[in-house]
Amino acid sequence: MSSSSKLLHQGPVEIDRARRAARPSRGVRVDGVDAVRVALWCVVTAVILLPLGALLVLAFSQNRLPLLLTGDVAQAGLNSVVSASVSALFAVVIGTAIALLLDRSDLPGRRVLRLFALSPLLVPPFVGAIAWIGIIGPAAPVNALWTHWFGSPLWNIYGGDGVVFLLTVHSYPVAYIIIAAALRRVPSDLEQAARIGGASAGRAVRHITVPLLRPAFLSAFTLIAVSNLADFGIPAIIGLPERYVTLSTLVYRYIQSGTVADPLQVVATVGAILMLGAVVAMIVDVLAARSNWELDASASPTQLLQLGRWRVATTAITWGGLLALTVLPLLALVSQALLPAPGIPLTWQNLTLDNLKRATTSPSALAGAGNSVMLSVFAGVICTVLGLAIGTLVTRTRARSNGMLRAVAMLPQALPGLVIAVSWLIIAPRIGLFNTPWLILCAYVMAFIALVVQSVSAPLRSTPLAAEEAARASGASRLRALLDISWRMAIPAAIAGGTLVVLTAVRELTISVLLLAPGAQTLGVTIFNLQQAGSYNAASALSLVVTVLGLAGLGLTARQSRR
Amino acid sequence: MSSVDLHSVGLTYPNGTVGLDSVDLRIADGEFVALVGPSGSGKTTLLRTIAGFLAPTTGLIRIGDSVVADAVTNVPPERRQLGMVFQQHAVWPHWNVGRNIEYPLKLAKVPRAERQDRVAAVMKLVGLEGFAARNPTTLSGGQRQRVALARALVGDPQVLLLDEALSALDEPLRDALRLELQSLTRSIGLTVVHVTHDRDEALALADRVVVLDQGRIQQIASPPELVSHPASALVARFMADATLFEGTIKSAGFQASGHPCAVGYDVLDTRSGAGKAGTLAVLPEDVRLHADVDGAAVVTSSLFGRSGNDVIVNWAGVPVRCRVTGRRPLVGERMTVTIGRALFYPSGSLAVREPAPG
Numbered sequence: 026m027s028s029s030s031k032l033l034h035q036g037p038v039e040i041d042r043a044r045r046a047a048r049p050s051r052g053v054r055v056d057g058v059d060a061v062r063v064a065l066w067c068v069v070t071a072v073i074l075l076p077l078g079a080l081l082v083l084a085f086s087q088n089r090l091p092l093l094l095t096g097d098v099a100q101a102g103l104n105s106v107v108s109a110s111v112s113a114l115f116a117v118v119i120g121t122a123i124a125l126l127l128d129r130s131d132l133p134g135r136r137v138l139r140l141f142a143l144s145p146l147l148v149p150p151f152v153g154a155i156a157w158i159g160i161i162g163p164a165a166p167v168n169a170l171w172t173h174w175f176g177s178p179l180w181n182i183y184g185g186d187g188v189v190f191l192l193t194v195h196s197y198p199v200a201y202i203i204i205a206a207a208l209r210r211v212p213s214d215l216e217q218a219a220r221i222g223g224a225s226a227g228r229a230v231r232h233i234t235v236p237l238l239r240p241a242f243l244s245a246f247t248l249i250a251v252s253n254l255a256d257f258g259i260p261a262i263i264g265l266p267e268r269y270v271t272l273s274t275l276v277y278r279y280i281q282s283g284t285v286a287d288p289l290q291v292v293a294t295v296g297a298i299l300m301l302g303a304v305v306a307m308i309v310d311v312l313a314a315r316s317n318w319e320l321d322a323s324a325s326p327t328q329l330l331q332l333g334r335w336r337v338a339t340t341a342i343t344w345g346g347l348l349a350l351t352v353l354p355l356l357a358l359v360s361q362a363l364l365p366a367p368g369i370p371l372t373w374q375n376l377t378l379d380n381l382k383r384a385t386t387s388p389s390a391l392a393g394a395g396n397s398v399m400l401s402v403f404a405g406v407i408c409t410v411l412g413l414a415i416g417t418l419v420t421r422t423r424a425r426s427n428g429m430l431r432a433v434a435m436l437p438q439a440l441p442g443l444v445i446a447v448s449w450l451i452i453a454p455r456i457g458l459f460n461t462p463w464l465i466l467c468a469y470v471m472a473f474i475a476l477v478v479q480s481v482s483a484p485l486r487s488t489p490l491a492a493e494e495a496a497r498a499s500g501a502s503r504l505r506a507l508l509d510i511s512w513r514m515a516i517p518a519a520i521a522g523g524t525l526v527v528l529t530a531v532r533e534l535t536i537s538v539l540l541l542a543p544g545a546q547t548l549g550v551t552i553f554n555l556q557q558a559g560s561y562n563a564a565s566a567l568s569l570v571v572t573v574l575g576l577a578g579l580g581l582t583a584r585q586s587r588r
Numbered sequence: 004m005s006s007v008d009l010h011s012v013g014l015t016y017p018n019g020t021v022g023l024d025s026v027d028l029r030i031a032d033g034e035f036v037a038l039v040g041p042s043g044s045g046k047t048t049l050l051r052t053i054a055g056f057l058a059p060t061t062g063l064i065r066i067g068d069s070v071v072a073d074a075v076t077n078v079p080p081e082r083r084q085l086g087m088v089f090q091q092h093a094v095w096p097h098w099n100v101g102r103n104i105e106y107p108l109k110l111a112k113v114p115r116a117e118r119q120d121r122v123a124a125v126m127k128l129v130g131l132e133g134f135a136a137r138n139p140t141t142l143s144g145g146q147r148q149r150v151a152l153a154r155a156l157v158g159d160p161q162v163l164l165l166d167e168a169l170s171a172l173d174e175p176l177r178d179a180l181r182l183e184l185q186s187l188t189r190s191i192g193l194t195v196v197h198v199t200h201d202r203d204e205a206l207a208l209a210d211r212v213v214v215l216d217q218g219r220i221q222q223i224a225s226p227p228e229l230v231s232h233p234a235s236a237l238v239a240r241f242m243a244d245a246t247l248f249e250g251t252i253k254s255a256g257f258q259a260s261g262h263p264c265a266v267g268y269d270v271l272d273t274r275s276g277a278g279k280a281g282t283l284a285v286l287p288e289d290v291r292l293h294a295d296v297d298g299a300a301v302v303t304s305s306l307f308g309r310s311g312n313d314v315i316v317n318w319a320g321v322p323v324r325c326r327v328t329g330r331r332p333l334v335g336e337r338m339t340v341t342i343g344r345a346l347f348y349p350s351g352s353l354a355v356r357e358p359a360p361g
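Chains A and B, in that order, give the protein sequences. Sequential numbering of the first sequence, starting at 26, is according to the numbering used here. Sequential numbering of the second sequence, starting at 4, is according to the numbering used here.
Bound-form chain A, shown alone (with noise of 0.2 Å):
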């Protein structure tokens, strides 16, 4: 890859006219850019190229297609499929209808709430559903009321509709992200060319911002299938109660209690469907944004959506929805964190903080929370150094090369974490590391390196290569331009990146489950387990003390990078 690549940029394709001038010489030189892109490519290869290959040849090296075709995986991955494809609609649809509430409305309060409706989004999934059993499991209060007044519970979370519902709930501030971005990108002179001819704020909306949406809605709903195609924490805690399985929790029980035959392979064959579905998504992505329109910057304000008569309904329903979304998950853990048991009556005398003590004090919350600080912060600090070095080689240099590395370097976000952890499993004892924490650290290195070199590209994209062009008419290498000005320019960024990477990686669960060794065990699998002995209240002070953390730890973050 890289020699070839090396061979192609002295050729004809070769563009980058301060480069040009400093050698007048054609011949094949290796400089230090080209040493520095091939290190980079043997450190992807090992890290994200090799376990996937791994994988794959496993999958494959064995047809085990009637295994899974078989009652089970087939069932498990039918309902994978429609939990994931049905939640990641719903989240499309909300995050449009909020979308164009809070950004293009005058609904009031808008600027708060887009706030509220961003905060599932900081919430695990795992602890989501831990807190919404607390508000709409068989005996939490809503269906206990119900049942007094009714005779029978309103409705119970668990199952494959719980599963859904869950997943749309922590997948509709991506949606509402990506949507939102797009609407900022409609020049707002398309509607009111609309306007002026003829057309009434609610029809110009719907006949020219919504179908300019579209590759939007496409790209989000890709992305949120395939993130909530292999969720694990989500159908655990939600699902399998009422034996609603799904390939995650399939494979999870596979690997844990080998209830098949050479379970590894099982898996793997599994993992490589996934990783063909993740890829198909990718592709899908790649031609919706092919096919998007090139629009120009809007040269007019952008004109309000007046909700007119229908304000006031409108700011019920949003205002109500979006706290009901919200605040009331935090406010269920929050009970069932002070209460010693699930189903004792909440009020003053039954309030305890034992929970919290003893979430704070165990040693296997300690060892779980040292280990996710650990394996988080060298995650963060690897992937910060390899992202920005990624990130400014693809965008500041010009090779051929340049967009399978930013590919491959990108790919493992569209994978499922259970690919991940899988193909890692599958590489373990022959590389040394099986049964260590260092495991965990590989996947998380491979898992979230796209964060960092993502932050860092994009502000870069938008500076002009006369910056380094300039380094260069001063005499500065191609690599010291690389270093002086594109890296430095770029370090702010990575470090963002890189404190999403910890904050990310520390609260965990579906790849350090799957991962877990003896010793090894993070936040995420702490409180997993503690659910899944039943120790309720005390998963619900873990998850309530890790929220909390985790609002603050990215509230801080934001404020650092507003800076």
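Treat the hints as calculated values from the structure; they're not laboratory data. All C-beta atoms, glycine included, are put in the ideal place defined by N, C-alpha and C. A hint or two may mislead.
[Stated by the list, open to error] Output of the computed footprint for chain A on chain B, the stretches with three or more beta carbons under 8 Å from beta carbons of chain A:
hint : segment
1    : 72 to 81
2    : 87 to 93
3    : 101 to 114
Dock chain B against chain A, hints included.
Chain B alone, transformed into the frame defined by chain A:
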């Protein structure tokens, strides 16, 4: 076509910024009016108020015979029967050219057959025959602006509003479209309100030019009158790059304070008596330069222009703009400055303000 009437229209934003300040303007049926002014002067605000995107806080707007905005009503833009062309053309990228142009007719529930005829006719008018099925992204900037123009004209608007409609185009094309726009609007007798930051464009196209600053109308005049008789020193500087001197009228004529500039009564165009302090505006055309090694002014820049060289001399610390024909002075040359004609504006009659930067 219709006339547009504005009676003491004012617009104050919720944060207290004044957008428009008692604007009185009557645009006759079939008239081409250009709105000019420094950025932030309110020209776009005025246009968007006529369009209905902004509601005036005081005053009244009438289009044709009907009141579209006053203290109680504000007719939304879609019911004002206007055509508008935006700076960034605003052609809808998800529809082809034909559908873009057809849209206003569709909303007006015009029957399909008539719709097709009218779209074909307007496309011929703007020179887009045969483009109906084209995807807008395959069009050049000029062609897109033609689509936008066709879309604005297809519904037989009462008034055509142009919001910097030609500003995004490159020079030779802009010039061509300017010519076409004039012959087009004159041939069908359109009432046009044209916002532009290009002074020459405003002077070239309009029947009357409205100069705005800080939300207030500074002058309404025909192009020749505006150039030769600006209503205030500010207008003189904005429209004609006049050099301004502060000073007083004395027995011999104008004497600048703290500057050697002195002008006799014979060349002074003043509207009020002597003994007053005020501002002298000197248009570039009225400055004459003579090469003189002992001259008080030094040439700091000298640009070639088709109708005369655009020269700036530093005259005792004041940059003076001149348009001179004949030999192009060299930068650094010493010159004596003679003023052939000057306009005096006594202070207090019309407030003289610094134009907003940019």
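Now for the hints, and whether the structure bears them out:
Chain A is given as covering the segment 72 to 81 of chain B, and this holds because 3 residues of the stretch bring a CB closer than 8 Å to a CB of that chain, at least three being needed. Check on the segment 87 to 93 of chain B: 6 of its residues sit with their Cβ under 8 Å from a Cβ of chain A, so the three-residue criterion for coverage holds. Closer than 8 Å: that is the beta-carbon criterion, and the segment 101 to 114 of chain B has 4 residues meeting it against chain A, so the requirement of 3 holds.
Every hint from the earlier list agrees with this structure, and none is contradicted.
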